[in-house]
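Engineer: Anchor point for the sequence shown: position 78 equals 81 in my numbering, and the numbering is continuous, going up by one each time.
If you are wondering where the hints come from, they were derived from the structure by calculation, not from laboratory data.
Note that beta-carbon positions come from the ideal geometry of N, C-alpha and C, so glycine has one too.
It cannot be assumed that every hint is accurate.
[To be verified] With a cut-off of at most 30 Å between alpha-carbon atoms, the simulated DSS-like pairs for lysine-lysine come out as follows: (1) K35 to K130; (2) K168 to K130; (3) K6 to K41.
[Said to hold, decoys possible] Label-pair ranges, simulated between beta-carbon atoms: (4) K143 to M80: 27 to 37 Å; (5) D185 to D78: 28 to 38 Å; (6) N140 to G28: 16 to 26 Å; (7) D119 to T53: 14 to 24 Å; (8) D25 to S76: 41 to 51 Å; (9) D27 to M147: 44 to 54 Å.
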Amino acid sequence: KYKVILSLYYPSPEITNFGDVDGDGVSENLSKYEDTMKAIEWYLNLTDDTFKAQNFQNIELAGYYWFHEAINSEDEMSLRVLNSTSDLVHKKGVDFCWIPYFASNGYNAWAEYGFDVAVMQPNYVFKLETPYSNVTNCAKLTAMYGMGVEMEICTDSLSDIRFFKKYMQYVAGGAEYGYMNDCIVMYYQEMFAFR
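Go ahead and model the full structure; you've got the sequences and the hints to work with.
Structural biologist: Printed below as a string of structure tokens:
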């Protein structure tokens, strides 16, 4: 079976009128820990139940991906939400995954936050001025902290040789630095629009 990992969107505390997920007639306020956890548990149950009800033959729900790409270690509520979310995901018997951007806050403590898998973005291919050292440094950091490297490709790689060459450097780096060997493979692909 093909394993599917679903995004678990960041429950921003700025959302104070999320909707009533538990039928008590009161909309959840995500600036409150208890309401945030109600919303996350509702989402996890909804997606898990939907997958089970479909009785898919060729795909299975294998985990959830924490959509926020950095961790604010100074925000106690965010850390509490993250650890509680990890517990809920693991109760479902699936993995909790994270893809931080290059050297973002908390990348090196990913396991402490309850993630099973973390894969860092080199953030190299999207801008011509980004130095190749992003790829080499990302390879070193991820090897040091037991992470994978995300492969990234942008739309311009299809029409501009300069961006295509940058993408191919990701591929070559995977062979040279070993981040494509015996590891989880994750990638980011911009939406392509053909005219």
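Engineer: Hint by hint, say whether it matches the structure.
Structural biologist: Verification of the hints:
Of the pairs offered as hints, the one joining K35 and K130 is violated, with about 38 Å between alpha carbons and a cut-off of 30 Å exceeded. As the CA atoms of K168 and K130 are separated by approximately 12 Å, the hinted pair is consistent with the 30 Å bound. Restraint check for K6 and K41: satisfied, since their Cα atoms lie roughly 26 Å apart, inside the 30 Å limit. Distance hint check for K143 and M80: the Cβ-Cβ separation is about 33 Å, which falls inside the suggested range of 27 to 37 Å.
In this structure the hint that D185 and D78 lie 28 to 38 Å apart at CB holds, the actual value being about 35 Å. The hinted range of 16 to 26 Å is not satisfied by N140 and G28, whose Cβ atoms lie roughly 52 Å apart. Checked against the hint of 14 to 24 Å, the pair D119 and T53 passes, with Cβ atoms roughly 22 Å apart. The given range of 41 to 51 Å is broken by D25 and S76, whose C-beta atoms sit roughly 30 Å from each other.
At roughly 47 Å, the beta carbons of D27 and M147 sit within the given window of 44 to 54 Å.
Hint compliance for this structure: hints 1, 6, 8 are not met, and every other hint is.
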